[in-house]
Structures are given as structure tokens and as C-alpha cells.
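Participant: Turn these sequences into a full structure, and let the hints steer you where they fit.
Residue numbers (this note's numbering), protein chains in the order written: chain A, 47 to 462; chain B, 103 to 272; chain C, 14 to 175; chain D, 221 to 337.
Fair warning: there could be bad hints in the mix.
Unchecked claim - Pairs of lysine to any residue, SDA-like flavour, derived with a Cα cap of 25 angstroms:
1) A/Lys-119 with A/Asp-154
2) A/Lys-436 with A/Asp-154
3) B/Lys-245 with A/His-419
4) D/Lys-331 with A/Pro-258
5) A/Lys-318 with B/Ser-178
6) B/Lys-197 with A/Lys-436
7) A/Lys-392 with B/Pro-164
Calculated from the structure, these hints are not laboratory results.
Each chain, letter by letter, is given below.
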Amino acid sequence: MAQLEEVSYEQYKHLVSERALTGETMLLNMGPQHPSTHGVLRLLLELDGETVINAIPDIGYLHTGIEKNMEAKTYVKAEVMTDRLDYMNTTGNNLAYCMAVEKLVGLDVPERAQVIRVIITELQRIASHLVFLGAFGLDLAAMSVFLYCFRERELILDILEMCSGQRMMTTYFRPGGVWRDVPPEFEPAVRDFIKIFPKRVDEYEALLTKNPILLDRLVGIGILDAQTALSYGVTGPTLRASGVDWDLRKARPYMGYEQYKFEVPVRNRESKKGDTFDRYIVHIDEFRESLKIVEQGMDKLKQLSNQPVQSDNRKFVPPPRSEIGVSMEALIHHFKLWTEGFPAPKASIYSAVESPRGELGVYLEGDGGPKPHRVHMRTPSFDNLSVINKITQGHLVADLVAILASIDIVLGDIDR
Amino acid sequence: MDKRLEKVVQELQEKFGSSIEEFRDEVHVFVEAEQIVEALTLLRDKYEFELLSALTASDYYPQQSPRFHVIYQLSSLAKNITLQLRVPVEGVQPKVPTATRVYDVANWRERELLDMFGIEFEGHPDPRRILTPDGMEGHPLRKDFPLGYEEPQFTFNYDDIDLKKIYAKE
Amino acid sequence: MGVEQKLGDMGIVTTKLEELVNWSRTNAMWPMLFGLACCAIEMMAAQASHYDMSRFGMELMRASPRQSDLMIVAGRVSRKMAPVVRRLYDQMPEPKWAIAMGDCASCGGVFNNYAILQGVDEIIPVDVYVAGCPPRPEALIHGIVTLYEKVKGDTFREAVKA
Amino acid sequence: MLEYAAIALMIALATLVALIAIGLGNLFGPKKPSASKAMPYESGITPYGEATRRLPVRFYLIAVLFILFDIEVIFFLPWAVVFRKLGLFGLIEMVVFIVILLVGYVYAWKKGALEWE
Numbered sequence: 047m048a049q050l051e052e053v054s055y056e057q058y059k060h061l062v063s064e065r066a067l068t069g070e071t072m073l074l075n076m077g078p079q080h081p082s083t084h085g086v087l088r089l090l091l092e093l094d095g096e097t098v099i100n101a102i103p104d105i106g107y108l109h110t111g112i113e114k115n116m117e118a119k120t121y122v123k124a125e126v127m128t129d130r131l132d133y134m135n136t137t138g139n140n141l142a143y144c145m146a147v148e149k150l151v152g153l154d155v156p157e158r159a160q161v162i163r164v165i166i167t168e169l170q171r172i173a174s175h176l177v178f179l180g181a182f183g184l185d186l187a188a189m190s191v192f193l194y195c196f197r198e199r200e201l202i203l204d205i206l207e208m209c210s211g212q213r214m215m216t217t218y219f220r221p222g223g224v225w226r227d228v229p230p231e232f233e234p235a236v237r238d239f240i241k242i243f244p245k246r247v248d249e250y251e252a253l254l255t256k257n258p259i260l261l262d263r264l265v266g267i268g269i270l271d272a273q274t275a276l277s278y279g280v281t282g283p284t285l286r287a288s289g290v291d292w293d294l295r296k297a298r299p300y301m302g303y304e305q306y307k308f309e310v311p312v313r314n315r316e317s318k319k320g321d322t323f324d325r326y327i328v329h330i331d332e333f334r335e336s337l338k339i340v341e342q343g344m345d346k347l348k349q350l351s352n353q354p355v356q357s358d359n360r361k362f363v364p365p366p367r368s369e370i371g372v373s374m375e376a377l378i379h380h381f382k383l384w385t386e387g388f389p390a391p392k393a394s395i396y397s398a399v400e401s402p403r404g405e406l407g408v409y410l411e412g413d414g415g416p417k418p419h420r421v422h423m424r425t426p427s428f429d430n431l432s433v434i435n436k437i438t439q440g441h442l443v444a445d446l447v448a449i450l451a452s453i454d455i456v457l458g459d460i461d462r
Numbered sequence: 103m104d105k106r107l108e109k110v111v112q113e114l115q116e117k118f119g120s121s122i123e124e125f126r127d128e129v130h131v132f133v134e135a136e137q138i139v140e141a142l143t144l145l146r147d148k149y150e151f152e153l154l155s156a157l158t159a160s161d162y163y164p165q166q167s168p169r170f171h172v173i174y175q176l177s178s179l180a181k182n183i184t185l186q187l188r189v190p191v192e193g194v195q196p197k198v199p200t201a202t203r204v205y206d207v208a209n210w211r212e213r214e215l216l217d218m219f220g221i222e223f224e225g226h227p228d229p230r231r232i233l234t235p236d237g238m239e240g241h242p243l244r245k246d247f248p249l250g251y252e253e254p255q256f257t258f259n260y261d262d263i264d265l266k267k268i269y270a271k272e
Numbered sequence: 014m015g016v017e018q019k020l021g022d023m024g025i026v027t028t029k030l031e032e033l034v035n036w037s038r039t040n041a042m043w044p045m046l047f048g049l050a051c052c053a054i055e056m057m058a059a060q061a062s063h064y065d066m067s068r069f070g071m072e073l074m075r076a077s078p079r080q081s082d083l084m085i086v087a088g089r090v091s092r093k094m095a096p097v098v099r100r101l102y103d104q105m106p107e108p109k110w111a112i113a114m115g116d117c118a119s120c121g122g123v124f125n126n127y128a129i130l131q132g133v134d135e136i137i138p139v140d141v142y143v144a145g146c147p148p149r150p151e152a153l154i155h156g157i158v159t160l161y162e163k164v165k166g167d168t169f170r171e172a173v174k175a
Numbered sequence: 221m222l223e224y225a226a227i228a229l230m231i232a233l234a235t236l237v238a239l240i241a242i243g244l245g246n247l248f249g250p251k252k253p254s255a256s257k258a259m260p261y262e263s264g265i266t267p268y269g270e271a272t273r274r275l276p277v278r279f280y281l282i283a284v285l286f287i288l289f290d291i292e293v294i295f296f297l298p299w300a301v302v303f304r305k306l307g308l309f310g311l312i313e314m315v316v317f318i319v320i321l322l323v324g325y326v327y328a329w330k331k332g333a334l335e336w337e
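Facilitator: In C-alpha cells, the structure reads:
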């Protein structure tokens, strides 16, 4: 086990000012185990009293080698790894990976499976924003919001468990469609959620948005202008709060998103400068937009009531068990797919999805064999975090906590 | 290929003599390592590719001559088109000029490539490992780096693994 | 431990004392706020109002190891994080316990590769392993109740020897 | 004389409870000192430099202001106990006391002593 040596000044000489050497400014570790770093992120802070001069993130404390591990598994088995990446948005990761595999091998997805995927991904987006709001409130000492948000999140987790049998790591989407059709109880459960959730969002807004203490702590803190954001590769709500109208669901619609009517909440389109309060408000508006999509998805689902949820292309999608006993080809396909998996062409593709944190892209490269040659997950939190040093300079340590909470990072996303 | 993309690709071909690859509505443009910074600045300023959405690499291990491909996935928000630049790099001393002056996102991404593949980026402001522990030798995502498999403990091999496993007493 | 080191075994007196001490420990065991990965989200769900770990004496998640009695290793421990976990465990005051929550903490789980420590029991002595990936909040609470059974069975003689 | 007995009893009880809490903890708590346990806790990483590092003077300023207004609150307590007996005189006396300190507070506020920059 490696030993922890002392933080040496030489290591960070090119990043911190030389006043740290003379002891004028203090080098403090807001280290891997800290209540407000949303996981195992270590921030080496150079402080002049309470003012942050430099906040140097040191990541890698949760590096799991997922990309290396996926190279050792077949295409279908590798999907299990994607759940553990951004563990707030597990179905979103599955969707990104499945779409990449479908694009690589050229697999079609039936209409009903696309609608189910959209509904489940939007519910997962709401659940992810609920955890964001809970942690955001917790970091600003609004303890009760955390308990309210997790109360709603339990409803969504019940729905996910109803479909896939697992609360978080569902692996419900499979290349070529969905694992199985939604159970009959899915419809009433989602309808109830749609009925009660708008009032709950108003409840959060009543608690937080007009709270003067919170406004003092959020307005004008951590200004991020659009130019810097784009140069640092920031995407998602953080970018939209800085005035750039870029949402992959509208820009490059996938899974039939063009058929749904919803707007993308963007703030200060003209000033192009977003602060922590704007990032918070964009998340709140996204609650309502996602709910609209879920509602339209449920109506659409009712029309496509008894349609297949998996593509019938037997080269890539295992046949249902009922068919195996009957037809010989089905048995051969079943056997081949589950033992060896399907081969993919020798080429590479990049397909991106809008995750609650930004653009979640998958660079997938096949080498003709059943195992992916290279899988790179372009995760949004990795780039969103790199901008923190720039936007927290000159703020107080308490503001650093609020800014870190507002850019909504997940460490599984960053360290992969 | 998207017609707006054609104009961009033509200019890249004339200026850098790069070859093209097309697969499923995507265009991969091969660029030499020395011209990459120039190509990126051209694409960013002239053709409004504001977002370098992904910067990664791929290792073609047994093939030594261009062993790595450094991949720049660019996307333009204004025109809503994407383009991929690929830079073939030698296997012995992989060196690529840094793109941090063009896109700031390249700073961390290049540190990750240094850490994972051992590709050095000349002129990088902060060339440190980013993900793996400090004392680690070797670059994990290279094909010749072992996955590091440890035999799991089941009932049939419980005892002999139990002897080997180092339990922390206190 | 304190008086037991001096007293040793005094029959009825120390057994009643043991029960009193063990009772007091199992009803207010504060875990350390130490979430690593996905299991941390399930731990937060277990702490929230629906599954409410506070019913079992875990009212607060203390942020610093100095004020916590129990370390719940919730998530995968990477090679870079291992020395930090070991130090945090060292910096917890006695008597302390450790729960390895989830497959990744118990045995490396899905990730059998170069980056993940195959089981946190290589660096800290673990009392209870909670299976599941991530374990449901009820599974975590069941692990905690099992730990309480273990703590109730503690006698001072063992503590003196250990 | 009797009321002093009551205060003495309260002080005795308070110290007793404190002693019991610390004593039991000390008595039954196992003691296993170790080097890394004694090291200062900084989120799991070895801190940089020694603990007593130079602190900017603003911390001192805020500490002094706090002590000032904290003592002011302590002076309320005896006054509140005999508030009924003192009647109007007590009220005016306390209002004058508060106004003086209020002037001090407003001066500190406008001078920017409370701001961090």
C-alpha cells in the first residue's frame, strides 16, 4: 500500500503562488474525505485567510479503470460497467452505451422501446436533479431540503425497481431495445408521480428560491462566462446557465426526442454570464421540463400498447425463451449470443447523449471481435470540474462550497 | 457527408494533405502531429468549432509504426456539426504538441492521456499524472498492460486463498 | 480498556458492567460521513427519512473521524484511496468498528482490475460485510443490526487481549 | 444566604454531570495510542507545514468583536433576574447600556470590520 507522504511545495510550485512557501498564504487540503466535496475529490486550497487564491483539484481517488475493464468484456457484458460510472444517472449511462453499440453495429430500436427509454431516462434525470438539490441545500445548511428531495427520489426508485428489479444499477436498456416490457403497475405509478411532483417542486422553490439568506450566498458568486465555459468544455446545465442554448436533446435529437414538446431552460442569454443562483434555477426549471416529457411519453406509450420492445434482428438480440424450444435458429442464436457475443465491425464511432450534468459521449471502437477494442466515456463532470479553479479565485471558502455544489459533479463520472 | 462539412474537409485536405475516413455519417480526418495545433486553431476560429467535446487515444498494440491514434472530437454549436481529427503517433516516444492554448479542456484531457497511455504533450503547463496513484509505473490503458486479475474467493478455493490474503489485523 | 485492564474478570460485577457498556455503545453509534461511490447514495437514502437509520442510534453522520465510532466503507476503494482509508481508520478513537458496505468494499466486486483494492479488509479489520451492489438500505440496516449483535457479545477479556 | 446555596448546588451538580460523562468515557474507553492517530486530521492527507501557521489579523478582529458583544449579552442575565423589582429605573438603565453598545456595533459595521475583504 503506497505511503502518504507530506504535501510538498515543490510538487505544486508551478500552480500556487510563491507566497505559500513563505507561509504567508496557507496550503490547506479540502481532502478526499470532506462533507462538501460530493465524493472523494481533493482540493488543495491556497488560502489568504478566508479568501481562496487557488483551488487545485486532485482527482483519481475513485479511479476504477472502467475503460480498461470494458475492453475485457463482450459488448453486452460491458454494459454492466457503465452503470457504475455516473451513479446518479445510471440509465443515462446505459442509454449512451447502448446507442453507441447500436450505431456501431447498425441495430434498429423499435418505437415502443424508444418511448420507454425516453421516459425512464427523464425520470432518472429528475432523480439526479433531486440528489443535486438535496446536496446543494445540505451544503448551504438548508438541511430539510435534503430530506424532502430524497422522499421524492424514493418514488422514482420504486418505479425503476418495478421495471428492472434494481433500484439504481438497472442495466434495463440493452443494445436493440429494452430488457423486457414495463409491468402493468408502471402506468399508475408514473401517473401518480406526475400528479404529485409539480406541487413538490413548488415546495422546494418556496423553501429556497426567495430565501434572502440563500440569495446573499448565491447571487454574484462563481461567475462563469460563456466563452470560458466553452473553452473549458463545460456542458449541460452549467453551460446553459451561462447563456449558451446547447442541449443535445434539441440539437441532435435521439430516441425520438424531436416528437416531444419541451423547452430548454437557458438563463442570461444576452449577458452570457451565469452565477451560482442561475445554475440552481436552471436545475429547478429542468424538473418541470422533464416532467412534461414524461407525461407526453406516457400518452405515447398508451398508443403503442402491444408492440415489441426488442428489435427482431437475431444477429444481435437474443430471441425470447418461448422461441428457443420451438425453432432451431433461435437456439443457435441464443447459444452464440450468450456464450461468445456478437462481433462488431472494425471501425470507431462517437455518439453523445444529454446527461443531467452535460454531454455524455461514448467513443466506441470495434476490432471485428466480440470485445470492444476501446471504450472512452466522455463524462461531463470531468470537464465541468476543471473550471472550478478559475471561477472560485477571490471568493471565500464558504462560496467555494456553494460553487462546487452548483456545478454538480459526481466523482464516479470524473475518475472513471 | 453534410455539405457544410465538405467545405471544411476540403480546406483541411488542401492545407494539411490529410486523408479522410467515413463511417456512419461521421468524418475522421487524419492530421500529422506537427500540424494539429494549426488545424485546431483554424477550425476553432474560422469554422466556429467552439467545443472540443472529447480528446482521447486508442492503442493498436502489435502495430508499432503509428501505434497510437490521438482523437480530437470537435463539435460546432453554431452549425451543429461534428468532426473528428485523428493524429497517428509513434509507439516508442509518443509526442504530440499540446492544444491547451487553443482549448483549455485539453489541459486535463492531455494529462489523462499522459497518465493512461504515456503520450507526452510538449509545452503542457502542468504535466503530472491525474488519475493513477503517484507511485504507479506503466500506463494502464496500453494494450500490453495487464488487467490485473486477482482470483476471487469462492467456497472451493476458500482455504488456500485465505492463507494468501493479507488481512489487516489492527 | 481502562478499568478492565486493571480489574480483569470479576464475575457478576463485570458482566453487568459489560452489558451496560455494550448497551450504551449500540444505542448511539455514530457513523463517519465517508461515502466513496454508488453505495454512498444508498447510504444517504438509508439515512434519509424513508429508511431512517436514526431509528438505530445513527442519528448523525459525523464528518470527522475524531467524533465517529463506526466507519462504513461505502463504495469501491481505489489503490490511490487505500492509504487515506487506513489513516482515517487509525484516526478514529477506540472503540471503533468497520462495516464494508457493498461488494466492491467487501471483495472488489465487479471490478477485478489494477485500480481497485480487492476488498477493504486488506487494509482495515472489517466487522460486518454487507453484500449487494449497491445493497438496499434495508440490507445496510440489517448489517448494522448484525453489528449491534456482535457488539453486545463483546466481553472486556477479549478487548484486553486484542 | 439561602439563595447562594441554590447556586452552589447548581454548580456542584453541573460539575458532577460533566465529571461523570468524562470519567466514564475515560474509564471504559480502551486506550490504544498510535502515531497516525496523533497526527492532525486534514481530510486524510498529511498536512503541509506545521499546524501553527501564520493567520491573517482579520481573524483576531472578528474574535475581539465577538467577545465584545458576547459580554454585553452576559450583562443582560443579572438584569433579567431582578427585572421586576427594578421597575422603570432598570429599564432606562438597560436601554442606555444597549444604545451605547449599538453605536459601537453600527460604527464597526459601517467601518467594514465585519466584511472579510
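Participant: What are the numbers of the hints that this structure violates, sorted from low to high?
Facilitator: Failing hints, ascending: 2, 6.
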